[in-house]
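Residue numbers (the working numbering), protein chains in the order written: chain A, 1 to 469; chain B, 1 to 257.
Read the hints as simulated data drawn from the structure, not as lab findings.
This list has only true hints and no planted wrong ones.
Beta-carbon label-pair distances, calculated as ranges:
1) A/386 - B/132: 30 to 38 Å
2) B/152 - A/381: 23 to 31 Å
3) A/417 - B/152: 23 to 31 Å
4) A/386 - B/152: 18 to 26 Å
5) B/116 - A/417: 28 to 36 Å
6) A/316 - B/3: 55 to 63 Å
7) A/381 - B/3: 43 to 51 Å
8) B/148 - A/81: 42 to 50 Å
9) B/54 - A/316: 31 to 39 Å
10) B/94 - A/75: 46 to 54 Å
11) B/21 - A/61: 54 to 62 Å
12) B/230 - A/381: 45 to 53 Å
Derived contacts from chain B toward chain A, CB cut-off under 7 Å, selection only:
13) 80
14) 95
15) 96
16) 104
17) 108
18) 109
To be clear about the criterion: a stretch of chain B counts as covered by chain A if any three or more of its residues have a C-beta under 8 Å from a C-beta of chain A, and this derived list gives those stretches:
19) 51-64
20) 68-77
Ideal Cβ placement from N, Cα and C applies to all residues, glycine included.
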Amino acid sequence: MAVATAVGRDVPASFVDEFGRLEHLRGFEPAWLRGIRRDAFERARETGLPTSRDEEWRFTSVAPIAALPFSAAPHAAVDEAWVRSHSLADGSAAELVFVDGRYVPHLSRVNGLPRGVEARSLARILDADGALIGPHLARTAAGPVFAALNTSLFEDGAFIRLSPDTVVASPISLLFISTLPDRIAMVHPRMFVAAGPGSQAQIVERYISVHHGAGLTNAFTQFLIADRAVVDHYRLQDESLYAIHIGAVEARLDRGGAFTSSSFTIGGALVRNDVTAILGGEGGECTLNGLYLAAGDQLVDNHTLIDHTAPRCTSHEIYRGILDETAHAVFNGKIIVRQDAQKTDARQTNRALLLSEAAHINTKPQLEIFADDVKCTHGAAVGQLDDESMFYLQARGIGRQAARGMLIRAFAGEIVDRVKLSDLRARLKVMLDAWLTRSAEAHSDLATAGPDVGPSGAEAQLSPSRGNG
Amino acid sequence: MTTLLEVNDLHVRVANQEILKGITLAVDRGEVHAIMGPNGSGKSTLANVLAGRGGYEVTAGTITYDGHDLLALEPELRAREGVFLAFQYPVEIPGVNNAYFLRAALNSIRKHRGEPELDAVAFMKLARDRMALLEMEPGLLSRPVNEGFSGGEKKRNEIFQMAVLEPRLAVLDETDSGLDIDAIRIVAHGVNSLRSPDRAIIVVTHYQRLLDFIVPDRVHVLSDGRIVRSGGKELALELEARGYGWLEEPATAGVRA
Chain A
1 MAVATAVGRD VPASFVDEFG RLEHLRGFEP AWLRGIRRDA FERARETGLP
51 TSRDEEWRFT SVAPIAALPF SAAPHAAVDE AWVRSHSLAD GSAAELVFVD
101 GRYVPHLSRV NGLPRGVEAR SLARILDADG ALIGPHLART AAGPVFAALN
151 TSLFEDGAFI RLSPDTVVAS PISLLFISTL PDRIAMVHPR MFVAAGPGSQ
201 AQIVERYISV HHGAGLTNAF TQFLIADRAV VDHYRLQDES LYAIHIGAVE
251 ARLDRGGAFT SSSFTIGGAL VRNDVTAILG GEGGECTLNG LYLAAGDQLV
301 DNHTLIDHTA PRCTSHEIYR GILDETAHAV FNGKIIVRQD AQKTDARQTN
351 RALLLSEAAH INTKPQLEIF ADDVKCTHGA AVGQLDDESM FYLQARGIGR
401 QAARGMLIRA FAGEIVDRVK LSDLRARLKV MLDAWLTRSA EAHSDLATAG
451 PDVGPSGAEA QLSPSRGNG
Chain B
1 MTTLLEVNDL HVRVANQEIL KGITLAVDRG EVHAIMGPNG SGKSTLANVL
51 AGRGGYEVTA GTITYDGHDL LALEPELRAR EGVFLAFQYP VEIPGVNNAY
101 FLRAALNSIR KHRGEPELDA VAFMKLARDR MALLEMEPGL LSRPVNEGFS
151 GGEKKRNEIF QMAVLEPRLA VLDETDSGLD IDAIRIVAHG VNSLRSPDRA
201 IIVVTHYQRL LDFIVPDRVH VLSDGRIVRS GGKELALELE ARGYGWLEEP
251 ATAGVRA
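From just these sequences and the hints, can you work out the full model?
In structure tokens form, the structure reads like this:
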């Protein structure tokens, strides 16, 4: 593996100021944590922000992060009814609401949790559970620069712990709201999920914005999946189109553990998602799904790493992207199969749909295989809407705009339809429809010319569920 | 006036090559016309130009459909006005449910005609009824459009769509290709049941055998982009017996006995 070298640009002064401010306020934090934070910040300053010379950041410039004068997030209030409208309606067992990175108890709900499950503010357990999370914080302190920055600068986040064999039937929802009203704020939410042996849970992480402000979210979510534990994770990022979002997910799986993570990216001007799964015990299963929609001049970069270190593990990865206007995407899917990881079954596909001439993607599968008895497949495809399919639909009376919507929905459906939570799936479909409506407006040539055009395009934009009934 | 379709001196280029070199053809309501000819004669080009497929450049001539300039209409408007092409190679569309697709198509057409849209229940009733006509497995309705269908299922699905959409002009582009005789019989039965005084059908085929089941009123033979012979149904039998070779030379008066 490539070792990060100190080729970066300096960590911006605003980060240094923020670290100084927090150091000042952190007299109450345990000494071990303050030590880790100082190490992490030191590490971040040594590494610097990545440049295009860094292989992992070749196509994604973080220059905007260096250029913007970030400051600490304000303590802003949000409208409770608005927050409620975003509540997950799948009878969630708990919903933790964070406003600008800080836990807000009166907007949150934790009373539906069964025995053996904790879901709470991370800031409030640092004293008590340092032995559990300390080593993991220390590890990320020495990790890539944004992980190190998160470790040094996080104020709050979520802590979820499942006792052995605890099954939470309803999802646990984490809702992160950026308000960003009048300054360019940065938040560094930190999440820690420890699923005990044989436990099962579904965790939904969502990032949304109240205003169209620019701001930085640098989130880091860690999962510890013990023996036979099963965790379904959904991560939806629909922040402002001016936001910068750096989001990392890291999962470590023990023997027989199963982790499914589905990533949905809709918002953000500059988005970088890193998903890392380490299959550390025999028979683990990991599924990484992703869907990203990008238009305007959005840049969406998905990096995934699946590290097979133990035998007889399976990994499945499907990513799909839809790019319009001058959007730019990066997909880098790395799979490592270590020497001991015999009988590995790893499959990866990623496809991107380009809806305009100017949209583009840099896509790279990366397989590093050191074991000899393995099945590894990968496939990548980048294309436009299929002319034949468009004509077939039009030849049956369906207008271009509606036909295009059908084909794009079908493409996205490959990922959206795998979402097991019905409310989340329905919300994703609504977001996709809204995105398609905006996209159709950007392509005025989609209207059917000629007599009696009517609103027939809109007619066919029925949801598939209505059509099936 | 009973003429539904009038093609007049139609010249079409594909990729800078002239494929149709002056086609003139009139089809009346209630008639079935067969267009026959060897491979490469321009049969499918004519079918595709009628439906409005891209990539075909009309360099001269006109197509008048029900008094309208057909060439001025987008493909979806042609379909809404009642033009239907049964594709030679039906397209597989993964992720788009067959029933959803067809109901959207039907409702686009109904809306265009000023008729109320069919709700899901009424649509399913209609669809099941028409599927029975084509002896299709009802399960195909809930599958993605043509995905994983056998060749025969795809062709039947085309005629099933025709039966649901009830076009005024149906163009069947080599619907018989790839079908065994039983499947041809089923498809032909479906087509025959859709024959009506208001509807014209153009059957594009290489072989006579489909015309044993769908008996045409008129037969036109296309060769090198021109109609070289027109006649009644007996012309198809003559082609069956003699092949296309004897048509290669331009027709001159008196040659046809």
